[in-house]
Amino acid sequence: MTRKTTIAALLAAGTALAPAMVPAQAADPAAEVDYSGTLTILTKFGMQRLQPYFTDLAAQYEEMHPDVSIELIQEDDDSIKGKTSTLVASNSIPDIFFSWTGTWGGNFVRGNRAADLTAVIGPDTDWGRTFAPAAVDAFVYNGRNYGIPLYLDAKFMGYSKPIFDAAGVGVPATFGELLSACDAIKAAGYLPVSFGNKEPWAGLHYLGQLLAYNVPRDVLEADFDPATATYDDPGYAAALEQFAAFEDRCTIGPDVNGVSYQTAIQQLSDGKSAMYYQEIIEFDSAARPDTALTADQFGFFALPAPADAAGDPMALEGAPEGYMISSASDNIPLAIDFMKFATSPGHARTLSAPPYGQPSAVVGGGDPETMNPSVVAGLDDIAEASYLVPWLDTVNHPRVAAAWLSEFQGFAGGTSSAEDVMEAVRKAAASVAN
Amino acid sequence: MARSSSLQFDGAAPAGSAVPELRLPRLAEQLLSWRWVALAVLIVGWFVYYPIIDNFRVSTTTQDIFTGEVQHVGLENYARLAGDPVVLTALFNNLAYAVLSIVFQVFGAFVLASIIEDIASHRMRNLWRAIYFIPSAISTTVTGLLFYFIYQPDIGILDGLLTAAGLGGWSRAWLGDQSTAIYAVIAMSQWQGFGYSTLLFTIAIQKIPRDLYDAARMDGAGPLRQLWSVTLPMTREMTGMMIIVTITGAFQVFNEVMVMTSGGPNNSSQVLGTWLYQMGFSQNEMGYAAAIGSLIFAVTMACGLAQLWHTRRRRVAA
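Chains as they are written, first to last, in the working numbering: chain A, 1 to 434; chain B, 1 to 318.
For reference, chain A alone in the conformation it holds in the complex (with noise of 0.2 Å):
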C-alpha cells in the first residue's frame, strides 16, 4: 500500500465509518439451528503453528453441514486488536470473534456488540457445565454471559533444564533467588533471561505479575477502575523497583527494547538463555523435536514472589481466552453451534495436545498422555493460584493501558523513572475519570 492509499484508508476509516449505529441482537441464541448460509469468524490463531486449527474445524463443519460456509480472519497478538477496532468500527465484526476479558471484552458488552448467551452457557445449561467454572465466570458481565472460554493462559518462567544444571542453580523459590541464579547463569557464560520489549506488552506481563505480589489484590482492582483508581498504593514503586534489578541482573539491559518477543523466545529454544517469561500457550512453541531445547530438557516456575511483599504470593497472572457473538449475526444459533462443535471434548483434545498446546478450558478437554507434561503441570498451577491477575493491557481503560505502555517500556529502555510510570498512569486514569 502507498503512502497516499494508507492515509486515506485511515482517513476514510477514521470518518465515514466511525458514527456506526450499534445494531440489536438480531436472534435468539436459544433458538433452532438453520444450517445454510456463511459464518465469519475472527481468531487470534493466526501463527502459523495456530493457523491449522481452525481451518481443520472450519472444513470438518463444512463438510457435515454442506451448505453452510466458514469464512475465517485470522489474527496474531499483535494485529488483533487493531483489526477488531476496524472491523467494529465499520460494523463489519464478523459473526463469531475473539475476546480477552476485563475490560478489553467489556467494550463489546458495553456496546451491545456481543450476543447475550447466558441462555446456553448461562449456570446449569449443558453447555456451560462442559468448561471450568471460573473460565465461563471470567466472561460474565452484569451477571450475564456473553463469551465462550477456549483455553486457559497464564504466565510462567520457562527454563532450560541443562543451563540450570550447567550454572548449578535449582528453581529458585524467592525472587531474590531468582536474582541471585541469573548471577551464577551469567558467570557460567549463558543469556539468563531472553527478554524482548520491543512489542510492550512482553514487560507489563513482568510488571503484573509482579504488582499482584506487591500491591494487595483489594487495591489493585479498585485501581483497575479509574473512577476509583488512585495509584498510591507504595507497592507499585516497589514492584518498579523489583523489575529494574530484574532487568539489570538477568537480561541484556535497557538494550531489551530493541529484540522483539519472538527473537527472545527463540533464543530459549536455541539453547542460548536460561529462561524466558513465557505463556502457558507458548510452551509447545518453546520446546519443540526440532529446536536444541527439547520438551523433556524445559521446565517452568511462576516467576517467584519478593520475600515480605504486600500483595498476594500465590497469585498468578493469566486469564482464560475466547470467542464471543455478535449480537448483529445473522445467524446467532448457528454460530452457537460452530462453538459447540469446537469446544467438543474431542476437538478440545486436539487443541491442548502438541502441536497447539493451548490447554483447553473445557473440563476434561485435556488427555495427559498426548498433552506436553509441562502443560499438564501448569493447568494444576493455574488451578491452585489463588488468584488470577488479568493482564494490564486488557483489563484497563484503552487510555490508561496505552500510558502503561509507553512509559513502562520508557522505564525498561532506562529514560523513565519509578515516578514517570506512575504520574503517566495516574493521569491516564483521571483523564478518563473526568
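FYI, nobody ran anything at the bench for these hints, they're computed from the structure. Beta carbons: idealized from backbone N, C-alpha and C, even for Gly. Some hints here could point you the wrong way.
[Claimed, not checked] Per label pair, the in silico range of CB-to-CB distance:
1) B:Gly166 with A:Pro368: 24 to 34 Å
2) A:Asp218 with B:Ala82: 36 to 46 Å
3) A:Asp330 with B:Val99: 46 to 56 Å
4) A:Met47 with B:Gly169: 34 to 44 Å
5) B:Ser121 with A:Lys186: 49 to 59 Å
6) B:Leu75 with A:Val363: 54 to 64 Å
[Stated by the list, open to error] Partial pick of chain B residues on the chain A-facing surface, computed with a CB cut under 7 Å:
7) Ile65
8) Phe66
9) Pro153
10) Leu175
11) Gly176
12) Gln178
13) Ala187
14) Gln190
15) Gly264
16) Pro265
17) Asn266
18) Asn267
19) Phe281
20) Gln283
21) Asn284
Place chain B on chain A using the hints.
For chain B alone, coordinates are given in the frame of chain A:
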C-alpha cells in the same frame, strides 16, 4: 436524436441551406457538457472530498466505536492536539523524515543518477540502475524485517560491523533506543526509496540535449562543472517536484514506522500517521484521531499548494 422544443433558431439560416442551424442555449450547452465528467466528479467527490469534509466534522466530536455514541465537542480536539507532547514528537519526526529524505532521496539520488548516466557502457548503466532500483521493489514489511535483524542489539549485523571496526562503543539497540529509533527507521526508508528517485532523475537527465554537454566540454568544463552548470539547471523542474513530493510523502509516512517500531519505544518514533492509527484504533478516540488527520491534511495540502505555485511559476518563467 429528436430535437426538443427548447431548441432555438440562432439567427437566419445560411444562404443556400435548406435547414436552419440549431444551437442550444449557452447554459444548457454548458450543463450538457458536464455529462462527460459527471461520473468522474462524483467518484472524486465521494472518495476524496467527502472524507475530507467529514473528517473535519468527526474531529469536532468524541466517538466511541463500540457504543456508537457521539458527542460534539467543538474544537476541543484541536486544543488537545496543541498540548499533546506526542504530537510534537511526531511532527519533529515527520520533519526529520522530510529533511533527511530530501538530502538522500533528492540530492543524493540526483548525484548518483548523474554518475550512472556518465558511465560510457550502456550495459553497465542498465546494471547500476537495476541494482539501485531493486530495494524499491521489495515490500516494506519484508524490508522492515530485514532491517530489524540488521539493527538487533549484540547479534545484529550493524553492531557486529561496528565491533569489528573497533567501534563497539557505538553499538546499541538501534530500534530500542529512544534517541536512535526514528533515525534507524528513516535510514531504512532511504535505502528503500533511493533507487526509485535515482531512476526518475536518470530519466530527466536522459532528456537533456547532448549538445549542451558537448558545448560545455568545448568551453573547458569538467564533470563537476557540467553537473553544476548543465545537469542541475536542466533538471530543476524534476528536482523541485521531487522535493515537494518527498516532503508530502514524509508527512504521510506510516508503514515503515508501524512495521519497525509501532511508534516506540515510549512513543519516541511516533509520526502523525501512526499516532492517528493508535488513537483511533487502539485507544478508541476516533474524534481525536480525525483531528490528527486534519493536521496531516493541512500540512500535505500546504505542500500541494507549494507544488502548484512552483509549477505555475516555472511556466510563467518559461
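Going through the earlier hints one by one, which of them does the structure break, listed in rising order?
Per hint list: 1, 13, 14 violated.
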